[in-house]
Amino acid sequence: MAEPIIVVSNLAHRYGDFEAVKGISFSVDRGEIFSFLGPNGAGKSTAINILTTLLHIQQGSASVAGFDVATEPAKVRESIGIVFQDVTLDRDMTCWEILEFHGSLYRMPHKERRARIEELLELVELEGKRNTLTKHLSGGMKRRLEIARGLMTRPKVLFLDEPTIGLDPQTRRRMWDYIKSVNEEGTTIFLTTHYMDEADQLSNRVSIIDHGQIIATGAAWDLKNMLGEDLIYLETSDNDAAGKLLQKMPEVTGIQERPHGFYAQVNQDGTHILPKIMDDLRIAGIRIQTVNLKKPSMDDVFVHFTGRDMRDDGAEHPSSMHAKTGRR
Amino acid sequence: MRMGFLTIYWRDMIRFVRFRTLLISSLVQPALWMAFFGIAMSANFTRLTTDVPPIPGIPNVGYLTFMAAGVIAMTTLFTSLFGGMTLLFDKNWGLLREVMASPLPRDHIIFGIALSGMTKSFIQAIIIMVFGIFIGAEFFMGFSPLNVIFSLLGILLFVGIFSLGFLFLSAAIAISFESPEGMQGIMTLLTMPIFFASNALYPVNAFPPALQVVSMGNPLTHLVNGIRYFAIGDDFQAIGVVYSTTVTELLVSLSVLIVFALAMFGLAWWRFQKAVVT
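These protein sequence lines map, in sequence, to chains B and E. When we follow this note's numbering, the leftmost residue of the first sequence carries the number 1047, and every step to the right adds one. When we follow this note's numbering, the leftmost residue of the second sequence carries the number 1048, and every step to the right adds one.
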């Protein structure tokens, strides 16, 4: 049994009348990469701001690295590193100065500070940019420098708020590699993201958060498996009848209706079962118009648990949801 | 004792030196005041006061000398009041989050910013004195070298405490406001009465009684008193008005500045404890 490094119970937060976080509970184990996956406005940043002591806790309790955020905020601050959602680098300071400033803020001894700066500049491959003002860095370099800054004080937990927002695909992949290598050195990582692939590829466990509530938690693989082995998308001349027919098959574990068709979750390799499904439908006199087969993705997991597509950002547009999921 | 405020100080000074336009304008602006306003007003006052016979036995100084002390005070006021603006920008650009999420006690943020604002005021005060003497202000006339050093330290003491007071006030406003425009508005509202209801540019003797009272409670008046005492002397006349200052009066002025600075620190401390920066 791994020991938890973050424990949150019944955390709730409101801004005026708006309930941003509605009583969430979760825990993060030492050494894992844990993600909060959810659309913008789901309450991720509020939660991270409370855990990093930037917001006062209103309701519930939370502890980080063994310290209560309400009663021992200074201890919490000493134990964590943060990479904020937007770039928070002073444009007119050099990479070296950014790290030096951060180290001094946390009262790192001079010698250790200087050594750590060299170590980190090397880790994030910015040795050559030591004396470059941050305004001259590319987006990816800025993010790497911010991660280096977050690691300056060898934190027990590193908080990453949307670490790869606005980066190109290659840079994102490299960021993930950095994050993984940091994790392998023993730093627990708590990240928020609205990218499905990021949560999927990077984290040991994911909590899906929507409208201030945690909807599901588990390993990305487990969450996807809850939707079965494969998903088969069908549009037919009579979707209702087709759905009823398929539900009777032992291999089909669930039906998700869509505006023009439906998904059938199957517990076996879909390539084998699909011919049988098509035969059965034809025998029943139902004409098949469209067929698609895919592995469940985090998108599907999200849709499954929230009933809507995350990229719709809160508004429900069933037709666009269909268009996006069907195209895969 | 923790020296965390030095980190904040270091960073703000880096920015001061690196923003060339800010650096140069802040150094040139007070000199321009002296050069244009000083010389123009000085010429007028000299013409208008030719009929006023100087009181015999008391050293007489020209208007330029009289107002040079006022320009030092005015520059200190403006620089200090706007010194906290950097916090507002840091807050709006998210840079303050790093500091607020760190274990650094918040009063160190206030001290760090105040210390760097004070440094800037010192640099400006010295520039005005050098430039003022260059264009004809009669500062430190007949002083021995030791006396000049002592007077210089006295001026810096007054400038320093005064600037701390207004930097604390500025920091308190910056942390409480969301927009630079709002802060700018408050600043303009504050600077006008502070500047004109003081003895910086003209004697207060001719003020209506109510305005004289305001001027007596105005920290700027007490700063100007201190600067004139150290730069010109404890007994002189300018534009037909005699200025004599006893040591007690000087200490009263110093006390007013200290009380003001302490009160403003209290205000800033309170605002910073309440501040939420996300």
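Any given hint could turn out to be false.
What the hints assert, rightly or not - BS3-like, lysine-lysine: derived pairs with alpha carbons at most 27 Å apart:
id : chain 1 : residue 1 : chain 2 : residue 2
1  : B       : Lys1322   : B       : Lys1340
2  : B       : Lys1294   : B       : Lys1322
3  : E       : Lys1138   : B       : Lys1294
4  : B       : Lys1121   : E       : Lys1138
5  : E       : Lys1138   : B       : Lys1181
6  : B       : Lys1175   : B       : Lys1157
7  : B       : Lys1226   : E       : Lys1138
8  : B       : Lys1226   : B       : Lys1175
9  : B       : Lys1294   : B       : Lys1068
10 : B       : Lys1322   : B       : Lys1226
11 : B       : Lys1175   : B       : Lys1188
12 : B       : Lys1188   : E       : Lys1321
13 : B       : Lys1270   : B       : Lys1340
14 : B       : Lys1294   : B       : Lys1340
15 : B       : Lys1341   : B       : Lys1322
What the hints contain is simulated information worked out from the structure, not anything from laboratory work.
Now for the hints, and whether the structure bears them out:
| no. | hint | in the structure |
| --- | --- | --- |
| 1 | B/Lys1322 x B/Lys1340 | holds (17 Å) |
| 2 | B/Lys1294 x B/Lys1322 | holds (13 Å) |
| 3 | E/Lys1138 x B/Lys1294 | violated (61 Å) |
| 4 | B/Lys1121 x E/Lys1138 | holds (23 Å) |
| 5 | E/Lys1138 x B/Lys1181 | holds (18 Å) |
| 6 | B/Lys1175 x B/Lys1157 | holds (21 Å) |
| 7 | B/Lys1226 x E/Lys1138 | violated (31 Å) |
| 8 | B/Lys1226 x B/Lys1175 | holds (23 Å) |
| 9 | B/Lys1294 x B/Lys1068 | violated (39 Å) |
| 10 | B/Lys1322 x B/Lys1226 | violated (43 Å) |
| 11 | B/Lys1175 x B/Lys1188 | holds (11 Å) |
| 12 | B/Lys1188 x E/Lys1321 | violated (31 Å) |
| 13 | B/Lys1270 x B/Lys1340 | holds (12 Å) |
| 14 | B/Lys1294 x B/Lys1340 | holds (21 Å) |
| 15 | B/Lys1341 x B/Lys1322 | holds (18 Å) |
The structure fails hints 3, 7, 9, 10 and 12 (numbered hints given earlier, in ascending order).
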